[in-house]
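First to last, the protein sequences are chains S and D. This note's numbering applies: residue 7 is where the first sequence begins, and numbers increase by one. This note's numbering applies: residue 37 is where the second sequence begins, and numbers increase by one.
These are calculated hints, taken from the structure and not from any lab test. Since the model is a prediction, treat every value here as computed from it, not as a measurement. Certain hints may be false.
Unchecked claim - What follows is a set of in silico ranges between Cβ atoms, one per label pair, in the way DEER data are often shown:
1. S:Gln48 / D:Ile87: 40 to 48 Å
2. S:Ser24 / D:Gly52: 45 to 53 Å
3. S:Gly67 / D:Lys94: 36 to 44 Å
4. D:Arg78 / S:Gly67: 36 to 44 Å
5. S:Gly67 / D:Lys113: 42 to 50 Å
6. D:Glu100 / S:Asp71: 25 to 33 Å
7. D:Pro43 / S:Thr88: 35 to 43 Å
8. D:Leu118 / S:Lys70: 41 to 49 Å
Claimed, not checked - The following residues of chain S were derived to be distant from chain D, with all beta-carbon distances above 10 Å:
9. His13
10. Ile18
11. Gln48
12. Ile99
13. Phe115
14. Leu125
Claimed, not checked - Here are the computed lysine-lysine pairs in the DSSO-like style, where the Cα-Cα straight-line distance is at most 30 Å:
15. S:Lys70 / D:Lys149
16. D:Lys113 / S:Lys47
17. S:Lys47 / D:Lys149
18. S:Lys61 / D:Lys137
Glycine residues also receive a C-beta, built at the ideal position from the N, C-alpha and C atoms.
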Amino acid sequence: GAVVSQHPSWVICKSGTSVKIECRSLDFQATTMFWYRQFPKQSLMLMATSNEGSKATYEQGVEKDKFLINHASLTLSTLTVTSAHPEDSSFYICSATSRGRNYNGVEQFFGPGTRLTVL
Amino acid sequence: AQSVAQPEDQVNVAEGNPLTVKCTYSVSGNPYLFWYVQYPNRGLQFLLKYITGDNLVKGSYGFEAEFNKSQTSFHLKKPSALVSDSALYFCAVRDGTGGFKTIFGAGTRLFVKA
């Protein structure tokens with residue numbers, strides 16, 4: 007149990023277009039989801055935290071109007087990169103938690119990531 | 037503010053030898069500490085965590101980590117490395133206030149040579 011999926015796994019888009027990335031918890035209800043960004047050979051940088059039914063909390067330096075996060079249900083969060091530019095090219099990873107619950111001691115589960123390339 | 041440092045970009049070890057991947061942290065209050073492994077173009081896989089209790093924590097795939105409060109360290113270890121252990125390893129910390137915000141270190145690439 008406790009699987010997180012992301013769709014798509016990779017996407018290529020033209021500069022100026024918007025791209026939506028989905029993060030789903032497949033067999034548990036995720037009260038909180040996190041979005042991370044990872045540059046090549048670098049660590050994960052937390053972008054934002056989203057709780058179901060409320061607005062996302064963005065980390066300092068992350069443009070909320072550019073990276074739109076919606077956590078409409080307990081199993082789905084979406085990240086939309088608006089008006090994408092080449093510098094937005096990165097590996098985006100989501101993770102999900104279920105407050106007060108763990109699975110074999112693991113509390114936070116990560117999706118497989120989405121590689122975005124903006125031409 | 038919490039932070040994590042992994043001082044080594046890369047660790048090289050021969051198969052069968054013990055390995056250590058270093059991590060130090062800074063957090064207010066009691067830390068929750070984690071190790072994750074990442075394979076190319078994949079998400080993170082949980083290895084182990086320390087929240088409370090024994091300072092030596094055992095995790096997946098034969099890995100273990102030792103929590104040292106005085107040195108604020110949480111080094112990852114394995115007695116005998118395998119070639120398949122070659123991957124990118126991340127140390128992470130969360131403060132103990134009950135939130136789930138997790139900060140990751142820069143990562144250490146482990147290369148195990150046959």
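Outcome of the hint check:
A beta carbon spacing of about 27 Å between S:Gln48 and D:Ile87 contradicts the range 40 to 48 Å that was offered as a hint. Checking the proposed 45 to 53 Å range against S:Ser24 and D:Gly52 shows it holds: the Cβ atoms sit about 51 Å from each other. About 37 Å separates the C-beta atoms of S:Gly67 and D:Lys94, a value consistent with the hinted range of 36 to 44 Å. The hinted window of 36 to 44 Å between D:Arg78 and S:Gly67 is violated, with their beta carbons roughly 26 Å apart.
Separated by about 35 Å at the C-beta atoms, S:Gly67 and D:Lys113 break the suggested range of 42 to 50 Å. Under the hint 25 to 33 Å, the C-beta atoms of D:Glu100 and S:Asp71, about 45 Å apart, miss the expected range. In this structure the hint that D:Pro43 and S:Thr88 lie 35 to 43 Å apart at CB holds, the actual value being about 38 Å. With their beta carbons about 44 Å apart, D:Leu118 and S:Lys70 fall inside the hinted range of 41 to 49 Å.
Residue-level check passed: S:His13 sits 13 Å from the nearest beta carbon of chain D, beyond 10 Å. Non-interface status of S:Ile18 relative to chain D is upheld: no Cβ of that chain comes within 10 Å, the nearest being about 15 Å off. Once the 10 Å rule is applied to beta carbons, S:Gln48 is inconsistent with being away from chain D; the minimum gap is 7 Å. Distance check on S:Ile99: its Cβ comes as close as 6 Å (rounded) to a Cβ of chain D, failing to clear the 10 Å threshold; non-interface status is violated.
The beta carbon of S:Phe115 is not kept farther than 10 Å from every beta carbon of chain D, the shortest such distance being approximately 8 Å. With a least CB separation of 19 Å from chain D, S:Leu125 remains clear of the 10 Å interface cut-off, as annotated. Between S:Lys70 and D:Lys149 the alpha-carbon distance is near 44 Å, which puts this suggested pair outside the 30 Å criterion. Note on D:Lys113 and S:Lys47: the hinted pairing holds, with a Cα-Cα distance of about 22 Å set against a maximum of 30 Å.
A hinted pair counts as satisfied when its Cα atoms are at most 30 Å apart, and S:Lys47 with D:Lys149 qualifies at roughly 20 Å. Restraint check: the Cα-Cα separation between S:Lys61 and D:Lys137 comes to about 16 Å, which is no more than 30 Å; the hinted pair holds.
Hint compliance for this structure: hints 1, 4, 5, 6, 11, 12, 13 and 15 are not met, and every other hint is.
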